[in-house]
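A.B. asks: The lines below spell out each chain.
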Amino acid sequence: MVKGESMQPMHQLMGYDRAITMFSPDGRLLQVEYAKKTVRQGSTAIAMVCSDGLLFVTDKRIIDSLVVPETVEKIWQIDEHIGATASGILSDARVLIERAQLKAQQHRVTFDSAIDTLTVVKDICDLKQICTQSGGLRPFGVSLLVAGIDNNVPRLYETDPTGIFYQYKATVIGEGEPEIEEILQKRDPPDK
Amino acid sequence: MVKGESMQPMHQLMGYDRAITMFSPDGRLLQVEYAKKTVRQGSTAIAMVCSDGLLFVTDKRIIDSLVVPETVEKIWQIDEHIGATASGILSDARVLIERAQLKAQQHRVTFDSAIDTLTVVKDICDLKQICTQSGGLRPFGVSLLVAGIDNNVPRLYETDPTGIFYQYKATVIGEGEPEIEEILQKRDPPDK
Amino acid sequence: MVKGESMQPMHQLMGYDRAITMFSPDGRLLQVEYAKKTVRQGSTAIAMVCSDGLLFVTDKRIIDSLVVPETVEKIWQIDEHIGATASGILSDARVLIERAQLKAQQHRVTFDSAIDTLTVVKDICDLKQICTQSGGLRPFGVSLLVAGIDNNVPRLYETDPTGIFYQYKATVIGEGEPEIEEILQKRDPPDK
Amino acid sequence: MVKGESMQPMHQLMGYDRAITMFSPDGRLLQVEYAKKTVRQGSTAIAMVCSDGLLFVTDKRIIDSLVVPETVEKIWQIDEHIGATASGILSDARVLIERAQLKAQQHRVTFDSAIDTLTVVKDICDLKQICTQSGGLRPFGVSLLVAGIDNNVPRLYETDPTGIFYQYKATVIGEGEPEIEEILQKRDPPDK
Amino acid sequence: MVKGESMQPMHQLMGYDRAITMFSPDGRLLQVEYAKKTVRQGSTAIAMVCSDGLLFVTDKRIIDSLVVPETVEKIWQIDEHIGATASGILSDARVLIERAQLKAQQHRVTFDSAIDTLTVVKDICDLKQICTQSGGLRPFGVSLLVAGIDNNVPRLYETDPTGIFYQYKATVIGEGEPEIEEILQKRDPPDK
Amino acid sequence: MVKGESMQPMHQLMGYDRAITMFSPDGRLLQVEYAKKTVRQGSTAIAMVCSDGLLFVTDKRIIDSLVVPETVEKIWQIDEHIGATASGILSDARVLIERAQLKAQQHRVTFDSAIDTLTVVKDICDLKQICTQSGGLRPFGVSLLVAGIDNNVPRLYETDPTGIFYQYKATVIGEGEPEIEEILQKRDPPDK
Amino acid sequence: MVKGESMQPMHQLMGYDRAITMFSPDGRLLQVEYAKKTVRQGSTAIAMVCSDGLLFVTDKRIIDSLVVPETVEKIWQIDEHIGATASGILSDARVLIERAQLKAQQHRVTFDSAIDTLTVVKDICDLKQICTQSGGLRPFGVSLLVAGIDNNVPRLYETDPTGIFYQYKATVIGEGEPEIEEILQKRDPPDK
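Taken in order, these protein sequences are the chains called D, B, E, Y, G, P and V.
Quick note on this note's numbering: the first sequence kicks off at 577 and runs consecutively.
Quick note on this note's numbering: the second sequence kicks off at 577 and runs consecutively.
Quick note on this note's numbering: the third sequence kicks off at 577 and runs consecutively.
Quick note on this note's numbering: the fourth sequence kicks off at 577 and runs consecutively.
Quick note on this note's numbering: the fifth sequence kicks off at 577 and runs consecutively.
Quick note on this note's numbering: the sixth sequence kicks off at 577 and runs consecutively.
Quick note on this note's numbering: the seventh sequence kicks off at 577 and runs consecutively.
There's no promise every hint is true.
As the list claims (entries may be wrong) - Simulated pairs of lysine-lysine, DSSO-like, Cα-Cα distance not exceeding 30 angstroms:
#, chain 1, residue 1, chain 2, residue 2
1, V, Lys612, V, Lys679
2, B, Lys612, E, Lys650
3, E, Lys612, E, Lys650
4, D, Lys612, B, Lys613
5, P, Lys762, P, Lys636
6, G, Lys613, Y, Lys612
7, V, Lys636, P, Lys612
It is worth saying that the hints were derived from the structure and are not from the lab.
This is chain D alone, in the form it adopts within the complex (with noise of 0.2 angstroms):
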């Protein structure tokens, strides 16, 4: 989309950037945009579904080695079933993982059932869109790979900071994602 690069710079100039809740002239969000660039920078994550089940590759990027790296979370819990990675902003990420985690424990209370994984995924979204519609309130500048087996089907979803998601077999978020993005395509992906 040469046109739109080339524009941007100016758009920036006009400030159609310096404000959440504005299209530009061309009809993007600037600020979610750039949420985006934030996850590309982050440290890679990636998730795989499997013969037989779910894998998550996640790099912890610890350059100070004082800190204990058992501790270092990049791999969550939200239920039983369901696990999530991140990438971004990671104060971000434990937002959303903790609503998920809340989210998770009341669906049990209350239908005395597991949740689907997909369930948990609309709720994450539904705050990340929010938060690209209300002034007040910046993006969140994370992307999320949350996965889970729902009665023996092992499920993978990506989130990006506009709120969208999509099923994938397997996927790649943060640093150096084009390149392995191109080897698990290579893979030959389960079917289903």
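Using the hints provided, position chains B, E, Y, G, P and V relative to the given structure of chain D.
C.D. replies: Using the frame of chain D, we list chains B, E, Y, G, P and V on its own:
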């Protein structure tokens, strides 16, 4: 409206388009017009009233082969007899669809009958209108095609970011709209 | 008011018209004046008090042959005896009409009698006035012609974006207003 | 106040008049002064205390022959014994008048007696003052002449956009104020 | 404070005086200083503690001969034993006086005794202080002289727009303050 | 911190000091620093812990001979055993003192014992901190010296506009602080 | 990240760092980065997990000899088994510490057991995160080292202004961080 077009850059320089609840000197709401541009750049969605029902055609735009294609939602079911598709920001669409689903469900519980398609459309448009008039909110960057069969009569509506809606025999939103519209107009539309 | 006109561009350069709740140095509310421009560019709507009732004439401006023409609403029924038409932003009109319909319905339930046309008009204008005085809201970009028959007497009112209203024998809003007004003035208005 | 006048353009350049709750460096509230200018450009309204009652004279400024002249309100009845007229933004006036009518009605119900004209005037002015001090609201762009007969004594008050009021023997607001005031001053005012 | 004076125009150019809740780099609240200028331009008001009571002298500044002079309020009674006068924006004064009158009345009802003059003054100053610290409100543009006789002891207080107050033997606010103050200082003030 | 000083004018030009809840690029809260400047320009206030109690010395700065000098408050009693003095905006001080008095009184009623001086100081500082972090409020432009005798032990605290406090043997705020501090440091402070 | 550094002055010129809830075009939250700079300039604070407990070392930076040195708080007790130290704005620290103390106390009352150190840390970080995402609040300008002994296991956490935390064997914040960190890394950390 040649004059209007040539005046737009000047309006941009002067900031009429950087606050939602504001008219430009020639009486336009620029943020709403930019939101419509978002829709025009969205993936194509077509809906038609046919002699024996309704037809939705959508371009899912799946460019990543790792996405599980059959899970990509571009056509949503609002109720047993009402469906919808969208073009623009899909997370904005989801918020509106979820609201419509809830509305339809509440109608069934309260009145023990199916909701009218027009009632659903009006409710969506009321929320869209508010987002063009109240500060601290941006307009919804999405158009919806909502179609349903009320008492065996198929009805199709298009809602734009302003909150305006029209009933159509057949219509298209998103990329390629002018070309596809021409084709649709040539087809003999059913009487009703 | 030549002076006012020549001063307007200077006021625009200085930003008097980029915040709603603000007077310009010559005592004008520019955002309200721009909203009126929106109305003048809207599709034409005419209403007349006739010897034996009321007449609405509207231009539906259907330029897309795929629209179902008989479903395009430009004349709304507020109550059994009150109708309305509009020029300007039609989604703004719908918000006001729906409010009026509710108001009329509530009146019937509460007082077991039909609401007065003037009461409906005043209620619409109260909301319009608030939107010219409170921050965080833009003025309504629509004029309404509201006409009703109260105790066999037909009455016709025009409301503008300021929230001002007048009773008319016949009136026109939207595109072509000056030309049509001249024609209406030549017609002999009924003495009532 | 020559200095003040010559400083005003500088104040405008520097933006002291583009936010309501703000003093200019020479201690003026410019938005309130602009609101007063709106009043001076309004249609003329005169009120006088006469030997045997009160007199209102107003210019309805009906320039459109299609308006039903006898329905144009420029003199309102607040209660049996209190009337009012206005100059400036007439929808602003209506808001204040409706509030006063309600206040008068509540007084009758609560105390079983007629409200004092001064009480009505003070209540109007309290609301006007708030709109000059709180953010998110513009001053009322209207002056009101409120006159009533309390215990057989006629009283006439003028309220300006600041929320200041004075009792007058006779007074004029709107277009032509200086000229008409001269005439009123020449008339021998009743001793009361 | 020569340095402060010469820096003020620079502060104005840089906007330190165009938002209420803000200090200038040299530690001043410019909006409050401008409000004080409003007071200095107001009509003169003098109050004195005399050997046998309190004296108020005010300039009503009636320049319009049509005003009923005896109705112009510049000295208000807050309670049987407390009076007040003001200089600056008189509608601001009225808001404070009405609040004080209510406060005094409530005191009588609650404690069955007269309110202390100092209690009234502190309450007025608390409200004035809030208006210099909270966003969305401008400072009160008025100084009040409040004087009362508590247990046969006359007391006189001056409150400024900052919400600061001092007890005086005699004091003057408004136009001509420096000259009149000199005269008051020459007079032998009563010992109390 | 030479670099910081030379960078400040640039920060002023760029507006880092014109919104409260904002850090400058070198990590400073400029509005809080300006509030501290207000304090440094205030009238001098000294407090000391002596061998047999506490000593307050204040400059009342009475430049108007008409003020009743014994009524000028610069030393306030918060409770029987706690006093305070201030430098900076005195109406800001009063708000904090009145809050502390209420807090002390509530403590007596609730716990039937005297409040700790430190508890009073912490409560004052909590409010001061909030005013440096929340939008729509300016920092308090005042430093307080709060001193009390808790169980026969005298304690003296200084609170600044940031909401930071320290316990002192003797301290000074306001005009002439550096010079007086030198003198205080030469005096042999009591051990405790 | 050379490019980021060289772009920062441009971002400053364009105002990306003058509103909290906003990303810069390269996906950074500049206000949060400035808050971190405040921390780096704060007084040094060190914490270590030792073989038989926890060690806090802090620089109290007492430059005024009149301050009572033993009263300067830089190490706070949150509960019997949890302590904390801080670097940055100390009044911001106090707000977080008081909140943590209350949280710990409530835990004891509710569950009759000691709170986990991690629970305290997460609660502090939740509040810190909110202050980086909501308008009208600035980020906390302080890092905290929180350390506790849970069931005989010592644990040490560092929280930054973003609301991110890590568990450390030993860590340092504030002035001199790089140099001291090198020393800490050379020390053989205990295996736990």
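A.B. asks: Now tell me if each hint is right for this structure.
C.D. replies: Against the structure, the hints:
no.	hint	verdict
1	Lys612/V to Lys679/V	26 angstroms, holds
2	Lys612/B to Lys650/E	22 angstroms, holds
3	Lys612/E to Lys650/E	19 angstroms, holds
4	Lys612/D to Lys613/B	21 angstroms, holds
5	Lys762/P to Lys636/P	25 angstroms, holds
6	Lys613/G to Lys612/Y	21 angstroms, holds
7	Lys636/V to Lys612/P	21 angstroms, holds
In summary, the structure agrees with every hint in the numbered list given earlier.
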